[in-house]
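Visitor: Respectively, the protein sequence lines represent chains A and B. Residues 1 to 118 in my numbering are what the first sequence lists, from first letter to last. Residues 1 to 453 in my numbering are what the second sequence lists, from first letter to last.
Calculated from the structure, these hints are not laboratory results. Each hint should be verified, as a subset may be incorrect.
Claimed, not checked - Calculated pairs, SDA-like style, for lysine to any residue (alpha carbon to alpha carbon, straight line, at most 25 Å):
1. K84/A x E351/B
2. K84/A x D337/B
3. K84/A x A378/B
Treat the numbers as computed from the prediction; the structure is a model and nothing was measured.
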Amino acid sequence: MRIRLMDIAHARSGDKGDTANVGVIALRPEWYPLLAAQLTRDRVAQHFAGIIEGGVDRYELPNLKALNFLLHGALDGGGTLSLKTDAQGKVFSTALLRMELDIPDAEAAALGLPGATT
Amino acid sequence: MSRTVRVAGGQGFWGDWPEAPRRQVDGGPIDYLMLDYLAEVTMSILQKQKERDPAMGYARDFVGAMESVLTAVADRGVKVIANAGGVNPEACADAVQAMAAKAGRAGALRIGVVTGDNLLPRIDELLASGHELRNMDTGEPLSVVRDRVIAANAYIGSTPIVEALAKGANVVITGRSTDTALTMAPLRHEFGWGATEWDKLAAGIIAGHIIECGAQCSGGNCLHDWRDIPNLADIGYPIVEGSADGTFVVTKHPGTGGRVSVPTVTEQLVYEMGDPHAYITPDVVANFASIQLEDAGLDRVRVYGITGAPATDKLKVSIAYKSGYKAVGSLVYAWPDALEKAQVADRVLRERLDRLGLTFEKVLGEFVGASATHGRLAGDAGREAPEVQYRIGVRDADRKKVERFTREIVPLVLNGPPSVTGFAGGRPKVEEIVAYWPALVDKTVVRTAVEVR
Chain A
1 MRIRLMDIAH ARSGDKGDTA NVGVIALRPE WYPLLAAQLT RDRVAQHFAG
51 IIEGGVDRYE LPNLKALNFL LHGALDGGGT LSLKTDAQGK VFSTALLRME
101 LDIPDAEAAA LGLPGATT
Chain B
1 MSRTVRVAGG QGFWGDWPEA PRRQVDGGPI DYLMLDYLAE VTMSILQKQK
51 ERDPAMGYAR DFVGAMESVL TAVADRGVKV IANAGGVNPE ACADAVQAMA
101 AKAGRAGALR IGVVTGDNLL PRIDELLASG HELRNMDTGE PLSVVRDRVI
151 AANAYIGSTP IVEALAKGAN VVITGRSTDT ALTMAPLRHE FGWGATEWDK
201 LAAGIIAGHI IECGAQCSGG NCLHDWRDIP NLADIGYPIV EGSADGTFVV
251 TKHPGTGGRV SVPTVTEQLV YEMGDPHAYI TPDVVANFAS IQLEDAGLDR
301 VRVYGITGAP ATDKLKVSIA YKSGYKAVGS LVYAWPDALE KAQVADRVLR
351 ERLDRLGLTF EKVLGEFVGA SATHGRLAGD AGREAPEVQY RIGVRDADRK
401 KVERFTREIV PLVLNGPPSV TGFAGGRPKV EEIVAYWPAL VDKTVVRTAV
451 EVR
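Throw the hints in and build the complete structure from the sequences for me.
Guide: Now the structure itself:
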């Protein structure tokens, strides 16, 4: 089945200079391994291709059921230099949650994902 | 039950809710009120104010905040810790004393003033003695922009605040303290944590990180279950109940709105996070991968398990320098075909700038309501969008060029595509850009001083 990241995770984003960070948190602890498996650095870099200018770093926080992504070159220079509406990267969080994931039906059902048929 | 110390967060930035400090001292028992006023660019704004008037250069809002909590501080023993001093902590203390004197409580405040973070007068001395103050992001030495530097402050840690409390201060005013030290220092003071008790210091820092953005950990700006977070109009700001062993509970006053839960605290923990394994502060390197959160009842989250590693031998320095000019203007295009009209306006405006021979370091056009924040991920806004705001900005070292640009937007109302409104602001203002230059300096060169008056 296909599912939106929005339906299995929440997120918050912020800035450090020209880098936006997005922390993605599993809505249920048992969904964290799925997030960790699906949200690879390459996958997130591909999602933001053309939107950010630099690379992506990825960190795992299993204790918080969260992943942290650093999106470099995301903010037109950042802070006071930036001409962007979202100069501080506040809504990169929901931009990431737009991502769609393909999950095998059996796995989706076993994890109790929203919309999965059992 | 072992003793706990209650540190309440009352301001998350300069401009936060004016009601919050008073609500924190009136809503229930607290020991400390922590007020964070400084963001990266704030110091440069304050430096400019001080250049115009030597008695300025601090967060003026703090005087009003102190007035609103004066009785609690004078009569109930609540202590206040704030980095409101900006580039002029002494003047800030004078203003607070003057306010207290006017209220007939001159003797009630013992104000600890922390100084020594301001490196602006010492920049040339530092550069001459081999401290290059290289930009942490680009690697360039500060000498490249030296003549444009207008503020330079080292981020200082908890030690001078602890010293001020030990000397009997009931109000501590600092300049560029780290936001997190404002919370960790009172815990360290109360529990007598040593300078190498890394795990406890790290716990105090993480407590600080959780409450340094005010209500952003207690239901504000919270995506998780946002519709059902109760009563945001009456939102409760956060409180840390710290214990001697470094564990703590995050909560808020009973009966207030908002929510403190594992999800609301987790969202704040990941906010502005870099490498979670190494959250570097002047006091300790905290490990966010060690944090354990536990639901401890209604609006209570217990935090434990935190570890830290020895501090580095550097301090981060926040340097502000002048970096050209910018201007941003906007127009609103209405249905039908609002996006297409806004896109035509963008092409027309750019062609006119070309004809004038005006080029800029950067020109950015955005379509608010279609793609400004999520770009192509937002999909096609379609022909039916009720309105789209066309927002265009330019940035350049030459003020005259930016000035000329500001005259090219409003004419589009009569000589560009139709169904346009939203131009009441007229020509946009040209802003001078004060940019941020993060650097590191050896800890040994920064000498803080504490005076209790």
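Visitor: Hint by hint, note whether the structure agrees.
Guide: Quick rundown of the hints versus the structure:
A distance of roughly 21 Å separates the Cα atoms of K84/A and E351/B; the hinted pair therefore holds under the 25 Å criterion. Of the pairs offered as hints, the one joining K84/A and D337/B holds, with about 24 Å between alpha carbons and a cut-off of 25 Å not exceeded. Restraint check: the Cα-Cα separation between K84/A and A378/B comes to about 16 Å, which is no more than 25 Å; the hinted pair holds.
Every hint from the earlier list agrees with this structure, and none is contradicted.
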